[in-house]
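Both chains are sitting in their own frames, so use the hints and assemble them into the complex.
Protein chains in written order, with our numbering: chain U, 224 to 332; chain F, 14 to 761.
Everything hinted at is true.
The following residues of chain U were derived to be distant from chain F, with all beta-carbon distances above 10 Å:
(1) S227
(2) G311
(3) M320
In silico BS3-like cross-links for lysine-lysine, where the CA-CA straight-line distance does not exceed 27 Å:
(4) K293(U) <-> K553(F)
(5) K271(U) <-> K308(F)
(6) K691(F) <-> K271(U)
(7) K271(U) <-> K228(F)
(8) K613(F) <-> K687(F)
(9) K380(F) <-> K549(F)
None of these hints come from the bench; they were simulated from the model. Glycine is no exception: its CB is placed at the ideal position from the N, C-alpha and C atoms.
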Amino acid sequence: MARSGLLIEYEYCTGCHACEVACKQEHNFSGGMVGIRVEEVVTESPAKVHVDYIPFTTRFCDLCAERTTKGEVPACVKHCQATCMMYGPVTELVKAMAERPRSAIFAPR
Amino acid sequence: MKKTDEKVVLSTLWSAGCGSHGGCGCQIYVKDGRVTRVEGDPNHPFNQGRLCPKGLAIPQYMYHPDRVLYPLKRVGKRGEGKWQRISWDEAYDTIEKKLKDIRAKYGAESVIFCQGTGRDIGGPITFLMYAYGSPNWVQVGLAGHACYTPRLGAMFATQGHYSVLDASQFLEKRYDSPEWTPPKYIIIWAQNPIAGCHDGFFGHWIIDCMRRGSKLIVIDPRHTWFSSRAEVHLQNRPGTDGAIALGMLNVIINEAIYDKEFVRDWTYGFEELKKRVQEYPPEKVAEISWVPKEKLIQAARLFATNKPSAIQWGEPVDAMPAGSVVAQAINHLWAITGNVDNPGGNVIARNSHGVTTYPFSSAELTKLYGEELVKKLNEKRIGANKYPMIKNFRGWVQPDVLIEQMETGKPYPVRAAWIQTSNIIGGQAADPRRHYKAMKKLDFIVCVDLFQNPTSMALADIFLPAVSICEKESFRTWWQPLGVSVKAIEPIGECQSDWEINLEMAKRLATTPVKYQTVRELIDDRLKDGGTNFEKLKAKGGWEFPPEGHPTRPYYRYKRGLLRADGKPGFETPTGKLEFSSKRYEEWGLDPLPYYEEPKESPVSTPELYKEYPLILTTGRRSPVFFHSEHRMIPWLRELDPDPIVEIHPQTAKDLDIVDGEWVYIENKRGRVKFKAKVTPTAHPRVVSAAHGWWLPETEGKEPNLFGTWQHNINNLTSMGNQGKSGFGGTNYRSSLCRITKIRDGKE
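Just chain F, with the same shape it has in the complex (with noise of 0.2 Å):
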């Protein structure tokens, strides 16, 4: 047998490579030096031996003949594509003296520190960014800052924690547990779970529990695998989500079919809510989403009236107009109906053992650096100023204020940006031609990635090249259970991981000295908190859930006094219930309660724009074989969703004179791009749907062509400056006006 002479590395995937959100476990196959396979743990309770077509690529990823594999300095004019190999030292000592100088001259905050949502890069880059004094960390151009974080904000203030749908994965037996029963009712919110792991879900869990007999109600303008499985399926007009929740609150209320005794014990505010949520009758919120009234009136019953049931969620409620208030509504359905950190319905979900990678919210970032320093970071903090939300909830830059200030130097200008795991111009960005204006000006960029993509061709100074999952150390506590990643084979080329790379420009760059010498030093100081360390958790196979009675394991925390920290019982929240009325909202000159707020750009708000452009484009859909901009050049995976693909109905279609698989433009009054038309029955008639992140790595990558991201990037239909009152959603990715175009002899 060829393959006997292998070893078998037990590790936990977390990008790069498969570049996504989950922790699966996986077997990293190890022949001469050389990873040969990747497959699933059949022991990591996460995955439980599966692992998605990404985690199954990884080796043409790692060997793919484009990965850069050492440093280089840019020696044309930004966007020639002329490079130059250096050493790392000359690398590591330019960026040192840049970036010393710019910090003299100009002030820490004057440096940008970028990230996307790949790997696992929180904690190097902030760790990096702390140790230099800016304040800045962001993800650029990210509109509303919708990805994740408004919801994160809206639970933040409802319920002082997070929670999540429970497929059982916080019990090391999962489905076998005897504590666990499967939600009766999933709603799947505005999400396609198929398509990967978001924010560290599985999607595939959903299966797991219909074949355990939970039934499905679907919120979605598409017709999808899942909605053809739903019980109810709620078509709704993109962007009109807040509506709906509200509506659902509505019946639930109204109908009195709400927990009752949870909600006395348990909760502030109800009177208010019951009020707020007359404005909003099944009539009047069908009218505004599309949704037929007996469908949202069904939807509702079902929902409230079969417990436990869960709300499985996605981004386009972060984009909504008012993002961080359509979650609250959301999480009201899931709290007013008594779902919340109980057995199959939505579990209070925190780090694993309480272990930080890093300091995302306020309350972390003190506890590890100071009181003093955040109060500092804040005074300077983009955004933080203008956003009490923004503040006072995590320690990122608001990214429309970003823009803003990069153009107009005002408070104070931006002169540099690290920009690492980020493809800002073809992928993140919203209005990315504006962003790519932006920071051509800016003095000093270093870009560090695996591959060259639309963003480090036409801005990097200096390019790092990083390692994948498979060749470096790390560890991961989002959410559970607490993991490591174990290097199964020495980095390809000179590459280095990015805690290697960050922990090097820390020494460097900090202003007092950095306590570490290896990343395994920070790694296990880190893992401190979770009694444990690397070798220990490597030992076990590279993962550990909490102990029995750690306040990370569920469930009903908030009756046994783990979720405050006076130890008291109920909910971290001001008034120590979950709260309907929000003091948070109110503290931070919100409104306490949540509303509907229609997108700036619709047929209803914009009827003249709507004339000339007749279709509602909604962007994202999330594809299996990739994580976002990612992907493009590995064979395996680009074979199986070849082109950007816009979704059409037939009839549409025909209006347009369009057939399936032509391409088409589809344009509105901030750009146009080329995309192939899919006809199909699953779009609906009046809305476009086109897939996010497209640009071509096998063509040209100078300027100005920078691999097709002008032609193909539906972002550059999108545009900043649309964000909600808290500064978290009102994108227009998920909803906007555009019309499709037949593209005739090459001509429109």
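This is chain U alone, in the form it adopts within the complex (with noise of 0.2 Å):
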């Protein structure tokens, strides 16, 4: 079976942590167990102060195996405000890929 994954397109993630929150409410984790989290990542340069947001999955993402069996998509990617999160094989990711700005592909499991 082909490996999964998501694509996030970064350059659009807002930070706004929709998809940590459903992915706790999605696998009820309690105490700082989460599958997804987001970073502020400030860099300056001459011109300009920028901020970004890279989300991460962790160890504890098991990409909502029991959403996607049910042909959803998983919990983060559904809610994601900026819709810059991507499901699915990550053959067909990487071909997404090419055409987006600046993104990342994380293949958990």
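Dropping the structure here:
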């Protein structure tokens, strides 16, 4: 079976944290357990201060196996307010990545 | 699959739960009478399947162990935290007797009805208040009434109707609608739309527009995600937004890059405005605002020469000195460039189907209750006679006048308060200590809420437990589509909905019989204007847009005679035109044209104080995981934003010997609070930014601690009594002076 993953266009990630809470609700995680986390990255150039956010999956991400077997997308992908996440076979995600802005693919399992 | 025996209820979210202003469509999953999940509804045009952290945390909010599930009465002194569970009958009987006695002795006006900004509260609270006979509907402590109302008042005066950035939200097919086009440029003015759905606007619609080609101009003292992606970022001194708007108008008018046809055909007072803006050349504005002249000019040119373009603005506009004047100037910017009710501009926003949930405006109030009652109410409404704009625009009390009246008892005493959805001391009020003292003296106070908070703990005599959005029926018309909230489960504990509570109280207290027996009758009666009812909307999935050709649908309604009561083309203003020089402002004794006013406390206006307090303090930075003072007890959310944070520039922090993550004092002449420093280049070196609404529900609730509100609520550094000439704006929530002090060995 093809390995699946998440394509994240982090150019558009606003750091809203919807993915993290969607994950916690879906898995009923508590006490800091979470399958995805968003980090703020602040960088400076002479002209500007840049604020970016990068989500990354953790060891607890199961790509919402229970949802995806029913044909639903993972909870984080569905609720991402910036619609910057995509779920699918890694091979497909790589193709999609070629046409997208700053992006990353995570294959947590 | 363990989730297969779940049922799914489609509903509209509008707090309590997420707390917010939006109207997201949701799927509520229910199993064995319990809500197991809340997800976004992919078929709902508002959020299109998405949901914010607060919406996604609703189950944890609903089933939180701290939620109050039964009516309570206070059995110790106020603030002692001693409560006794009572029946609803006892609660209702007690309140009925007290409020009837007070009305008989002191008049109905001596009872104030206090709301915050969460839940579908405006309807139930005004319904009860007018039934009781009081005119005093108020957001207690909201200095200068600085939350959208000043902006709405300015738009009402200028163009007769309200406008919002057009992100296709008035069209069922949204971004696929053939008549819609994205704004070429979006000015994000004093807002971080990521953090929520301010004033009914889903913040991430901006990102949707960016993906479709919209470019950004950002006006913000902080560097943000948006400013990082902006073509121009005007990093201004807090409080100077009025000067920036006037400077941009100066450039656009003097370079003649305004929409000449629109100005000629549809506006009034252009020559007067042209004359006025000569007082604000870019050089002068640069000096006032810290924004380099070149950037100001560039922003003005990009906005004016790329049509359509639109402005998305935030609450700081209201909080400016003369907030309603700053709002007027910004309104002029979209107007002079012809970006009014056009696709991708600032589209006219009207309540869906023309249905009102509650009588916000004086006109709606008159329609519902008749001219006689409105006149009578206005005689006693606090602040109405001092401020004609307060009197004639909406039915609210002026909060700065209220606090004086509570203290002096003049012209009449306030004896009791009905507080529903409002954490006055822990969030909403400027100078909370002053409100605490004044309200402690009241004879009787009822709080209606879901959780204890600093306000209910300090003040309530009776606490009535309200339900979350998943446990009640309600409806929503702000702005569109028309929607209903469907009850997914029976109330938890003995909680009741705000509508149910207020209908019952209204039946008991009304001077003329209430015509509704049930909440459903009331909702259906209101929805009648939209030619629909609760069941019909529920069967459609919970929402509906107005039919084709309806005057609440866009675009270009001023050309089609759909804005004025007389059906003529034009705007619903005294001249029938969009007014650059406002007849209504004039009638209300105000300058008909916009002008700049310096903050009362600033390096410019109080240079001596500035030596002692050398940093500009701006408060109210929104968190994406909290709604104002709500949600601090919800673990899924608190984990993401655990502490009250003040942002400090690295150089400023270095000078003060402060490192990232260190607890510090923020202090000014009004008080001192303890915050955690976030040292970040996103801050301006001369400005610190503090989050608002902080209290610690995990700490002692009873006095003197009151959940840590005196230590961590930034509003302890703000004050009342700075309102603008119109009664609106002029607060120091967004611009005052402070210093940051290092805490050494627990001492300063």
